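Undergrad: Take a look at the letters that make up each chain.
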Amino acid sequence: MSQARDMGIQRAVVIGGSAGGSEALLRLLGGLPVDFPCPILVVLHLHHSDGGALAQHLARVSKLEVVDPSDKEPIVPGRVYVAPANYHMLVERQGSIALSTEERVNWSRPSIDVLMESAAHAWGDGLIAIVLSGANSDGAQGLVAVKAAGGLTIAQNPAEATYGVMPQAAVDTGAVDLVMDIPEMAQRLPDLVNMGRRGPLRDDLMERPRDER
Amino acid sequence: MQAGQIEQIEIDLLLEAVYRRYGYDFRSYARASIERRVRQFLSRQGLGSIMELTDQVLHDPKLFSSLARYFSIAVTELFRDPWAYRVLREKVVPVLQTWPHFKVWHAGCSSGEEVYSLAILLREEEVYHRSTIYATDFNDSVLQQAREGIYEIDRLKDATRNYQGAGGKASFSDYYHARYGAAVMDGSLRERIVFSNHNLVTDTVFSEMHLIFCRNVLIYFDRGLQNRVLKLFDESLVNGGFLCLGSKEDIQFTEVADRYEVVDRQARIFKKKARP
Ligand SMILES: C[S@@+](CC[C@H](N)C(=O)[O-])C[C@H]1O[C@@H](n2cnc3c(N)ncnc32)[C@H](O)[C@@H]1O
Numbered sequence: 001m002s003q004a005r006d007m008g009i010q011r012a013v014v015i016g017g018s019a020g021g022s023e024a025l026l027r028l029l030g031g032l033p034v035d036f037p038c039p040i041l042v043v044l045h046l047h048h049s050d051g052g053a054l055a056q057h058l059a060r061v062s063k064l065e066v067v068d069p070s071d072k073e074p075i076v077p078g079r080v081y082v083a084p085a086n087y088h089m090l091v092e093r094q095g096s097i098a099l100s101t102e103e104r105v106n107w108s109r110p111s112i113d114v115l116m117e118s119a120a121h122a123w124g125d126g127l128i129a130i131v132l133s134g135a136n137s138d139g140a141q142g143l144v145a146v147k148a149a150g151g152l153t154i155a156q157n158p159a160e161a162t163y164g165v166m167p168q169a170a171v172d173t174g175a176v177d178l179v180m181d182i183p184e185m186a187q188r189l190p191d192l193v194n195m196g197r198r199g200p201l202r203d204d205l206m207e208r209p210r211d212e213r
Numbered sequence: 001m002q003a004g005q006i007e008q009i010e011i012d013l014l015l016e017a018v019y020r021r022y023g024y025d026f027r028s029y030a031r032a033s034i035e036r037r038v039r040q041f042l043s044r045q046g047l048g049s050i051m052e053l054t055d056q057v058l059h060d061p062k063l064f065s066s067l068a069r070y071f072s073i074a075v076t077e078l079f080r081d082p083w084a085y086r087v088l089r090e091k092v093v094p095v096l097q098t099w100p101h102f103k104v105w106h107a108g109c110s111s112g113e114e115v116y117s118l119a120i121l122l123r124e125e126e127v128y129h130r131s132t133i134y135a136t137d138f139n140d141s142v143l144q145q146a147r148e149g150i151y152e153i154d155r156l157k158d159a160t161r162n163y164q165g166a167g168g169k170a171s172f173s174d175y176y177h178a179r180y181g182a183a184v185m186d187g188s189l190r191e192r193i194v195f196s197n198h199n200l201v202t203d204t205v206f207s208e209m210h211l212i213f214c215r216n217v218l219i220y221f222d223r224g225l226q227n228r229v230l231k232l233f234d235e236s237l238v239n240g241g242f243l244c245l246g247s248k249e250d251i252q253f254t255e256v257a258d259r260y261e262v263v264d265r266q267a268r269i270f271k272k273k274a275r276p
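Read top to bottom, the protein sequences are chains A and B. Counting in our numbering, the first sequence runs from 1 upward without gaps. Counting in our numbering, the second sequence runs from 1 upward without gaps.
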């Protein structure tokens, strides 16, 4: 199932956000270490005239290399791929970016659901998916798909988010494993990706059940 | 074997069946998008499995047509990526002005928005009368829309903004008539346009082109098919002719890369070098 992993990339993180999401993402990426061991793929809802401005802004804040990807760009650990305005971003199983101009999903292009569903097929239980602040419910179905494929699902604490609607919609699906504030997310993400689903992460989840909020 | 691997086999069999039964070859299309389309199509049709779809498609040409239309992803807009049209005006039109006659090919023109956009630009730059424009797609239903040139009125606000961003010299409303809540593109824009069905995967070259547009089509092809289609374009283009791709497509890592110089990287406009 998870052929992206045959290409050496065992794990990946996908992140989606909308209104208030770029601010949350800036804080999250700013808190991640330079040796973060896997690729991060990001969808933020933007105005479609944004010509890579977000990617440039993120690049200034993040210690990781931020990419405004072209179609078929190979996915490399430690880089942050930001979906370009007006394109959906998907993942090819061989481990490359696929862009598409198909119809808007949840009134959005790029759509978080589209990225997450595609990444769930490519990475299966090697995937961690995060939904940040936003005022709609894109990403909720994506998290359900990630969870169904064995991945780990995280929502920003709706109370901490500038707009809690989107993380709350995700939580309401019942498919969210962990709810966290951004500083905790930034602090724990490196461990979560290192531990993986099969190892100590299971115990970790049991120590911190979902209803601890 | 995991469910995902079994799904891969099912999709392979579906695409093989479509190819052998109908001659349409989607086997080398970019897989992530095809997979998504297949899953969506299943749920739209209320079908339980890909095998069931394959069975029905084999025996039902109508169902095949709607599947093929669904694979074709015909989303487009007037003056998409306005900055690219500005670059065309600045860097390509001066060359067009030196040619007594030139031919343009829009490969994968969808419902025609890109073709009318270029026609408007050429008219404003006073070279339209010297052009012949071939607009092709393999999807007959979008080609028919392109011939008619009738677009939803509620898309005109974006179109007008794009037109201005593209360096438009007049008012966008000069180019259409509002009728029955739709915008009908001015018929004179069509005078030099020839619409026809052409499949980039299975049909041969259109020759002696000066300008080829193939925007947001190659993203749906895998690397191998991209290379084949780019070679087709290379055979079609005259030396010194231009190739214009979508804003996220590139020839950089393809087999034809060294035959072109970059006219503008961001607008993805390339010029075929003269060969000794
Ligand atoms: C996303 S649209 C691009 C429209 C326009 N060029 C633009 O950039 O706005 C892609 C188009 O490519 C066409 N297409 C896909 N495969 C094709 C093929 N094998 N031969 C010809 N056209 C094809 C589709 O039917 C669709 O209309």
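Think of the hints as simulated: they come from the structure by calculation, not from any bench. Heads up, a few of these hints could be off.
What the hints assert, rightly or not - To give an idea of the interface, some chain A residues facing chain B are shown, with a C-beta separation under 7 Å as derived from the structure:
(1) Gln10
(2) Ser70
(3) Asp71
As the list claims (entries may be wrong) - Covered stretches of chain B (chain A as the covering partner; in silico rule of three or more C-beta atoms under 8 Å from a C-beta of chain A):
(4) 96 to 106
(5) 212 to 219
None of the values given here were measured: they were computed from a predicted structure. Where is the CB? At the ideal position from N, CA and C, for every residue including glycine.
Undergrad: Tell me the numbers of any earlier hints that the structure contravenes, in ascending order.
TA: Of the numbered hints, 1, 4 do not hold.
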